[in-house]
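There are 2 protein chains.
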Amino acid sequence: MAIGVIATLTIQEGKNSEFEAMFAGLAEKVLANEPGVNFYALHQSKSDPQVYKVLEQYKDKGALGLHGKTDYFQAASKAFANYVIKAPDIELLKAV
Amino acid sequence: MAIGVIATLTIQEGKNSEFEAMFAGLAEKVLANEPGVNFYALHQSKSDPQVYKVLEQYKDKGALGLHGKTDYFQAASKAFANYVIKAPDIELLKAV
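Residue numbers (our numbering), protein chains in the order written: chain A, 30 to 125; chain B, 30 to 125.
Bound conformation, chain A alone (with noise of 0.2 Å):
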């Protein structure tokens, strides 16, 4: 069963231009190299601009799992730490 991933991450002011160009080479790597995932692209909110929505899709649990394991996702995820305001907000959904 596919898994959905609506990854919701506040940014802090002046550093968008920043985390979207470590976001782009975050998203190549995971496009290049998993194919258990069918999307993964970054959006921003209309209503507020620090607010980012990176809709997601994995053929299954074992996809998702090993996204999270990747050298890359977790080196990402350490210098994210460095843009949010807060911890981002995971939901986690049942493809249907």
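Treat the hints with caution; some may be incorrect.
Since the list can't tell identical chains apart, any single copy or any two copies may satisfy a pair.
List of simulated lysine-lysine pairs, DSSO-like, C-alpha gap at most 30 Å [what the hints assert, rightly or not]: (1) K58 / K44; (2) K44 / K123; (3) K88 / K44; (4) K90 / K44; (5) K75 / K58; (6) K58 / K115; (7) K75 / K123; (8) K107 / K90; (9) K44 / K107; (10) K44 / K75; (11) K44 / K98; (12) K44 / K115; (13) K58 / K90; (14) K107 / K58; (15) K115 / K98; (16) K98 / K58.
The set of hints was computed from the structure by calculation and includes no laboratory data.
We have chain A already, so just place chain B on it with the hints.
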């Protein structure tokens, strides 16, 4: 610039299967006929099984406009009105 959408639909109890089957028919048509759609995927909330979120991405504003104008989307929208308990919540996002 690509556009993301999170469409949240809250479905009447007992109508889940019917709604899911109808949505599957719609999604099949969207993916077969709209090259401007990057992804279009139905998900169910884990905390409330009556809540569904469609994660969508369009290549540009034109592709989103075209989607809304197709005869199958307009027919599906009318049909969904019989299943939802309130108007869908549509969040538009700027793809980064």
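Which of the numbered hints are not met once you compare them with the structure shown? none
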